[in-house]
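Student: If you read the protein sequences in the order shown, they are chains P and L.
Counting in the numbering used here, the first sequence runs from 1 upward without gaps.
Counting in the numbering used here, the second sequence runs from 1 upward without gaps.
No wet-lab data here; the hints were simulated from the structure.
Being a predicted model, the structure only gives us computed values, none of them experimental.
Watch out, some of these pointers could steer you wrong.
[What the hints assert, rightly or not] From the structure, some residues in chain P lie toward chain L, with a derived Cβ separation under 7 Å:
#1 E195
#2 A287
#3 K334
[As the list claims (entries may be wrong)] Here are a few chain P residues that face chain L, going by a calculated C-beta distance under 10 Å:
#4 V293
#5 N301
#6 R302
#7 P412
#8 T414
#9 E441
#10 K443
#11 G446
Virtual Cβ for every residue (Gly too), placed ideally from N, Cα, C.
There are 2 protein chains.
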Amino acid sequence: MTARILIVDDLAANVKLLEARLTAEYFDVLSATNGTDALRLCRDDRCDIVLLDAMMPGMDGFEVCSRLKADPATAHLPVIMVTALDQPSDRVRGLDAGADDFLTKPVDEVALLARVRSLARLKMMLDELRSRAVTTASLGLVELTRSSLDAGENGRILLIEDRAASAERIVSALRGLHEVTIEADPQEALFRAAEGGFDMAAVSLDLSDFDALRLCSQMRSLERTRALPILIIADLDDRQRILRGLDLGVNDYIVRPIDRNELVARVRSQLRRKRYADSLRSDVQAAIELAAVDPLTGLNNRRYLETHLASLLDNAAHQGRALTLMILDIDHFKSVNDSFGHDAGDEVLKNFARRMRRVVRSADLICRLGGEEFVIVMPDTPLAIATRVAERVRATIQSEPFCIDAAGRTIPVTASIGIAERGREANPDSLLRRADKALYESKSAGRNRVTAAAA
Amino acid sequence: MTARILIVDDLAANVKLLEARLTAEYFDVLSATNGTDALRLCRDDRCDIVLLDAMMPGMDGFEVCSRLKADPATAHLPVIMVTALDQPSDRVRGLDAGADDFLTKPVDEVALLARVRSLARLKMMLDELRSRAVTTASLGLVELTRSSLDAGENGRILLIEDRAASAERIVSALRGLHEVTIEADPQEALFRAAEGGFDMAAVSLDLSDFDALRLCSQMRSLERTRALPILIIADLDDRQRILRGLDLGVNDYIVRPIDRNELVARVRSQLRRKRYADSLRSDVQAAIELAAVDPLTGLNNRRYLETHLASLLDNAAHQGRALTLMILDIDHFKSVNDSFGHDAGDEVLKNFARRMRRVVRSADLICRLGGEEFVIVMPDTPLAIATRVAERVRATIQSEPFCIDAAGRTIPVTASIGIAERGREANPDSLLRRADKALYESKSAGRNRVTAAAA
């Protein structure tokens, strides 16, 4: 694992020292001696991780960190603050500014490398997610998620600790900010974590009868818990196992005696990062799903119908079950647009979609084919029943006039419907054509009626 | 880094031995003693990596591997074959069956762990990509890519080697299968790799004046080369540096003297894996892009217009530049559908879209608003010029009749057009409304004409 690391420090000697250590481990190193240069390098997307000195003349590290986290273009970059003294107050200031992690001078080399490697791994994963999400944002499909906006509060935290006193101290430290569930049994903890619903796991490294790292490793390798952040709670002399844990994919650690502010800040940072990754995933998911949806009505679109009708027909044929398809066309829709404008036409289409949704089952597939034409595919439904459903849709459309503007103007709307049941041939085109012909008959016969195609 | 590893071996003692080693390193281990059980566990998505004994009674390892790689549900699982003897012919058989890697018994622990860790890291990345791609496939937007289908040939390979004789041996081994470019200078190699166009880099570990691992690390951390597979070419006594390389993210290695068949097979495996990851990325990308596209015409859709018109107007206002919007509506389109059927209507719409594309500039944004209505947004275009463009579109539509079926039947088509230039207010809705009103005037005045809205 490697990464481009930006070292920000006003003292050239400090930069040199860190640079030598990181370069020896084959990291790529850039440096900046002031905040302004650092911000520019980050904005130009030149680095993966920022190692940021807290104390600098002019813009100090806290300020640089705050600005990085406030800018959507850089907010996802992990920031490790390097503080001169082990001042808890500095840590809290840095964490408040959004720093992801801390090191104190003189920098411990092993801890530095473990942190940097762990953040590099996360960064690569986030980059992969982010590059998809950036596409969705550039297409205007969803707004790009900003990692800095989440408060990192109200988390549900699973605490795995078998010593009641220690557990109680952690619960009380997080009280009012998060909901903590204590579980003393590691196997049970794994089940609970897999059941979901938690935002983070905090694992005590010294469980009495179980190797806590084994539990961490199991959580990392199980599909259902792979993305759950893990914070280990350790004693200072557990150093080797802490590093092993980071290597296994544990996200962070805190050392006893636990400083409350530090715990709060580290938990917040984990929650933020998880929620950011989750929202990138769901942005991409949402964008992908949009591709199958008609923007105006929210119904599935023609593209979705075309790919799914074939497989629905295949299934029906395979299982020897009925399947009926309904085509609906709004009568004289053109005159709605011409007389009342397109906004009114759009209102009618949306309202039409809502009324159809009310009548059909959730197993039925409703699509807007385009214009004022819709299709409903009804699996497991023979023609006789489908005819009754179609009649019910027709009646629902006619039942009361459609509202076309905010002022409450209404117009009467009716629809013509054609239905056809699948025959021997499992061919989407011929089924659509037969239903379309039935629709045409409804139109010819005076509209506002249902016609069933002969088998 | 951790993972769930499936050990497949008919001898319980072998399973136990590997299991103990992997468990000690906190991997999750499952086992199977025959091919049938192994296939079932893989299909149930129970593991991340398969460690597969070549020699088993009944279904042997080669057969298991072939079946895993032939099934789209399991083809992405990395398979490490364990062969009893260091038989080059076995390696080739296994690689032909699609194995990703090899180990020979007795299994060297350090090599085992390095391989497994490197594959685990890749698997996690692929899982993330794959889970998005699975969604697109389930929506029917694209077909799920099958990792096993690529032949792993015709690669463009960048060989970084400063000894001519050694380079020549590698080139001749790959001749006829891949196109190999030799680069002796490591810095130049980095530039060339970043310029793109290569499918793999092969790096000699003993360059005379440069640490080859530094080059590997730079390729791994540069954005543009991050996804490029790296194969290192090493001497057997370079073992420590080989392991360091795998740790840095090098994908595979081969030891001198190079066995031609092994080199060919390892290169093929890297190319396959890269192309698989690339196609997952592009599937997701394509699915996302579909969300902004009208399925019938391939033009941008209403959703895209709505999100982009606002920003185009903002830009124009900000830079004090003109912007004109055109709305087009096909005249008497309803009667095309009614007289000739929907297939004919669809043909007209597609043909209409093609003709518009021919006339406007690539900087213009053409959208299908829905039905037979289209919008063209023309940045940097004042009303006077836009009027001429609109007139050209109108003339192009009218110029020759539209073909509506395979039999070559044609019908005349015309369009009414309304255009409006942006005013002081940068409001998409009001601009659309003004253009729509102009369109309405074109319709009222007898259709097949262009009307420009007053400023």
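Student: Tell me, in ascending order, the numbers of any earlier hints that this structure violates.
Tutor: Numbers 1, 7, 8, 9, 11, in rising order.
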